[in-house]
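Protein sequence lines, in the order shown, are assigned to chains A, B, C and D.
Quick note on numbering that gives the first Met the number 0: the first sequence kicks off at 0 and runs consecutively.
Quick note on numbering that gives the first Met the number 0: the second sequence kicks off at 0 and runs consecutively.
Quick note on numbering that gives the first Met the number 0: the third sequence kicks off at 0 and runs consecutively.
Quick note on numbering that gives the first Met the number 0: the fourth sequence kicks off at 0 and runs consecutively.
Source of the hints: derived by calculation from the structure; they are not laboratory data.
A portion of the hints provided could be inaccurate.
As the list makes no split between identical chains, a pair holds if one copy fits it or if it spans any two.
[Unchecked claim] List of simulated lysine-lysine pairs, DSSO-like, C-alpha gap at most 27 Å:
1) 11 with 245
2) 161 with 59
3) 274 with 161
4) 224 with 55
Protein chains: 4
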Amino acid sequence: MNKINRIGFVIKPHAPGIEGILRDLLAYLRGKGVACVLESVAAEMIGARRGISREKLPAKVDLVLVLGGDGTLLSVAHRAALADVPIMGVNLGRLGFLTEIPLDETRLTLDALLAGNTDIISARNLIAARFGRRIHNCLNDVVINKGAASRMIQLGIRIDGKEVAVLKADGLIVSTPTGSTAYSLSAGGPIIQPLVAAVVLSPICPHMLAFRPMVISERARISLKLLTDGEEVSLTLDGQRGTLLKKNDEVEIRRSDAVLRLVTSPRRNYFDLVKEKLGWAEYGGGRRN
Amino acid sequence: MNKINRIGFVIKPHAPGIEGILRDLLAYLRGKGVACVLESVAAEMIGARRGISREKLPAKVDLVLVLGGDGTLLSVAHRAALADVPIMGVNLGRLGFLTEIPLDETRLTLDALLAGNTDIISARNLIAARFGRRIHNCLNDVVINKGAASRMIQLGIRIDGKEVAVLKADGLIVSTPTGSTAYSLSAGGPIIQPLVAAVVLSPICPHMLAFRPMVISERARISLKLLTDGEEVSLTLDGQRGTLLKKNDEVEIRRSDAVLRLVTSPRRNYFDLVKEKLGWAEYGGGRRN
Amino acid sequence: MNKINRIGFVIKPHAPGIEGILRDLLAYLRGKGVACVLESVAAEMIGARRGISREKLPAKVDLVLVLGGDGTLLSVAHRAALADVPIMGVNLGRLGFLTEIPLDETRLTLDALLAGNTDIISARNLIAARFGRRIHNCLNDVVINKGAASRMIQLGIRIDGKEVAVLKADGLIVSTPTGSTAYSLSAGGPIIQPLVAAVVLSPICPHMLAFRPMVISERARISLKLLTDGEEVSLTLDGQRGTLLKKNDEVEIRRSDAVLRLVTSPRRNYFDLVKEKLGWAEYGGGRRN
Amino acid sequence: MNKINRIGFVIKPHAPGIEGILRDLLAYLRGKGVACVLESVAAEMIGARRGISREKLPAKVDLVLVLGGDGTLLSVAHRAALADVPIMGVNLGRLGFLTEIPLDETRLTLDALLAGNTDIISARNLIAARFGRRIHNCLNDVVINKGAASRMIQLGIRIDGKEVAVLKADGLIVSTPTGSTAYSLSAGGPIIQPLVAAVVLSPICPHMLAFRPMVISERARISLKLLTDGEEVSLTLDGQRGTLLKKNDEVEIRRSDAVLRLVTSPRRNYFDLVKEKLGWAEYGGGRRN
């Protein structure tokens, strides 16, 4: 990892108390001689002369600091990965799977990073979805699903050039291990430890009950072809960016060359995070015998 | 049941061979002195002078005969129920949960009905969804779900006037027992025998893993209120008719006064149908020990 | 409900603090002129001259008071139902689905019952399992399952005299609505509101993925026949009492004539209880978008 | 792969027609100059002088030929893996996940192997379970589960030395990708492509609904400790071999050094096999819209 001389700020602008938090951290970091770069909305918030767009920010800094939730982090994660810049997510209240650092550990974690500690950085593979001439890098998932008023869609699934199945369903989630605890989990997919070299294909409300989530090699070339006509169907990338698909459109998914370096809390490992987020500790309900 | 003097035809117009099947059945029934009434698209197909709209047809006849799949039958089921006219679904190839009569049993089944046999008629309760000033009667289900590119929605669920939960999910299916083997099953809901006096609330990809399908009394008054803003959200009735919802819109669901009388095959009972449709007989896969 | 002149005590003997709680309640009730009858283990605990067996206690009293968890209540529930005596479960720490009254509401709830308040009593249907010449009444569930080291078993399932399926699985749970939040929920069954007149058949690890939980009428006559040989297979009643089954043994299940009158908390309805037990309120994990 | 000079026969002795099939194959192979070694039960069947135990057979031959189902193959798979000898499973009627070769392709497949074709051999990692002083190599799964009449058990799960969770459930399945389509699938686990370097932990009827199957690195050291007392609990290896566990017993599971070389059909790839076994092709049921 490069020495951290410049830190870029990405924020969830309407989070309560965000302005004070931002000002505090800027003062703290500037006191340590670190240059701070703000995305436009953050610059505006504190009356700074000029910010920089969220898209361009990662390439200008040595660390991206996100103040917000997992959604905010996801919106910039692929840019940070492409720029090979680590990202640190500070949650403003509720622990996130990606924004794992609580506000009161922020300075400590920044100090550790500034001192060159890389133990708390977790490497996360991205997947790349090619649609038409564009390639979209995704940290969590690539989703194809039907519109609210649409009927079931049919997707032809090919893996490494061979047809695996025609899926009839509301849609399909192709998720990285990092994304396995997000949308895929809601659709019935398994929890996948981030270091496993795999992706999971989780159908959304499949017509066929035996069509279960499939964990396949991250080296696999996945091709999804929309076979149905006349319905509204979307391709959604990391739950953030999307585009409409029409009959015979194909999306090709494979492992991205980009890797995200995600700052995690030294106070918990991956399974601690899962346990805390999914409420395993407090659970009181269900069976008796 | 009234004596059957007039039979109304509802068809899936693009089904292969539909014209010949229609002509044959018309000839057969007219030969028995039964008057036949055609919906417009069927009238046009055989060059008859005038048809009648699908909406108005049930009130004009003593039996509705559907030639097509479950979707075709669903499009007219609520009208038949409101008009208190039985409905008979003839599938044109693939067995349906609603269109259970195969083509080669059609004459036999019609003969039984004309002779006054009511043993093969199964009473199915409908649910009524009130939205704004309109009431929609549904044989299968009332679904609220998010658009393809939308984020998770939040629905406030009240039962008999008391708040039960705020559901974060892609959507919610409120299904009759008849609809329990349709969309609800794909979403993880149970199979419910038609005579059980209940409805099931099946969440679609719920955020909270412990939010499981709930079977409640068909006497319950269910109120669903959309709590989220800015996303495309639809209300869909029997997978056929729909409308958009906006924040704070409420949908109230309760048992309908209408009951559908559905003609079933004398050759199989409800569980035979489930077994055949879900492939329980042929299944070869899965476990070993 | 009869006027409550005599209250019978059933306890979980190793619960922390149980002796003090028992002495306090006895003093409180005797102060009100209510006669208290103790099961043997409770009598022994406080050095009373004689107790009565748990089996015989319900028939001697006007109310059964359980100090313990759901397991303790289940052990006496069928006896209370057969004797037509209401039962009140006080949990000693952790809220139960059946033992809903917390310790600090015990006096208040007893006062309400002594004053003749019946609003807080919920009627719960039992199921009766006949095996050989014995009939077992169950509040929660009847379970057939394989031994730890056994292979998958095969069960022939008949409903109202007709064969529905041959299930290959680890076992099958036949559950009342009351039991739907216990073992059946763990096996993938739905939550069923107690007043729904139904039972649910939930397979345990079925070989066939399309074999899903089935909700059927409580009027149905269910017959389960063990078709496999040479494996250890148990019939378990309310998770408490059990017996071994061998090939061709049949268990017949139908609605019991007995109804349990269960005292519930006036401070929460059924769905509040579900919400609290299943942790719906606190849940923080899972999806993001 | 070594040149195949000696082939060892393992059979399911009560399979219909097995004797004729065995005699035919022996004649065929001897005609090609291949030495045939029989396990005891096979030797006895055809009146040969002496057989060899199933345990010792793999080490004496260049290929193990199994005539039977997946259970028969599993009973010898770990021995073949330890002896580094490939195994070929011929199913006698019903396609297996492991016994993929149909009888009528047997000669063709043997010819290919004798000619040195290794394209049809799939390498499958095993897992090794250490319990006490013994190490058990397993192709499919290691299962800890409760007895038929036992209550829920508690298992402490540690991964790489850190406690991940205390599971309350009927049991836990630790499965390889090869085993993912066996017991684990019935318990709700995902399908895992054999080449993925992972294992899956699938809980059996977990008390906590948010405890979902977890896919973790095959490099992980998994430790399972039984925390409950007084119940019958078994450790079962590949659904074949087992032993009882008592409180505080620990089972350690990690990747085995042994790899099984499994002969697959040249006529289908892994997903074709999944599709055929799980009935994806023929499925007719379920949803409509």
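Cross-check of the supplied hints:
Taking the shortest alpha-carbon separations for residue 11 and residue 245, only the inter-copy value of 25 Å comes in at or below 27 Å, while the best intra-copy value is 33 Å. Taking the shortest Cα distances, residue 161 and residue 59 never come within 27 Å of each other, neither inside one copy (42 Å) nor across copies (38 Å). With identical chains, the CA atoms of residue 274 and residue 161 are at most 27 Å apart between copies only, with a shortest distance of 13 Å across copies and 38 Å within one. In this homomeric assembly, residue 224 and residue 55 never come within 27 Å of each other (Cα to Cα): the closest approach is 32 Å inside a single copy and 40 Å across copies.
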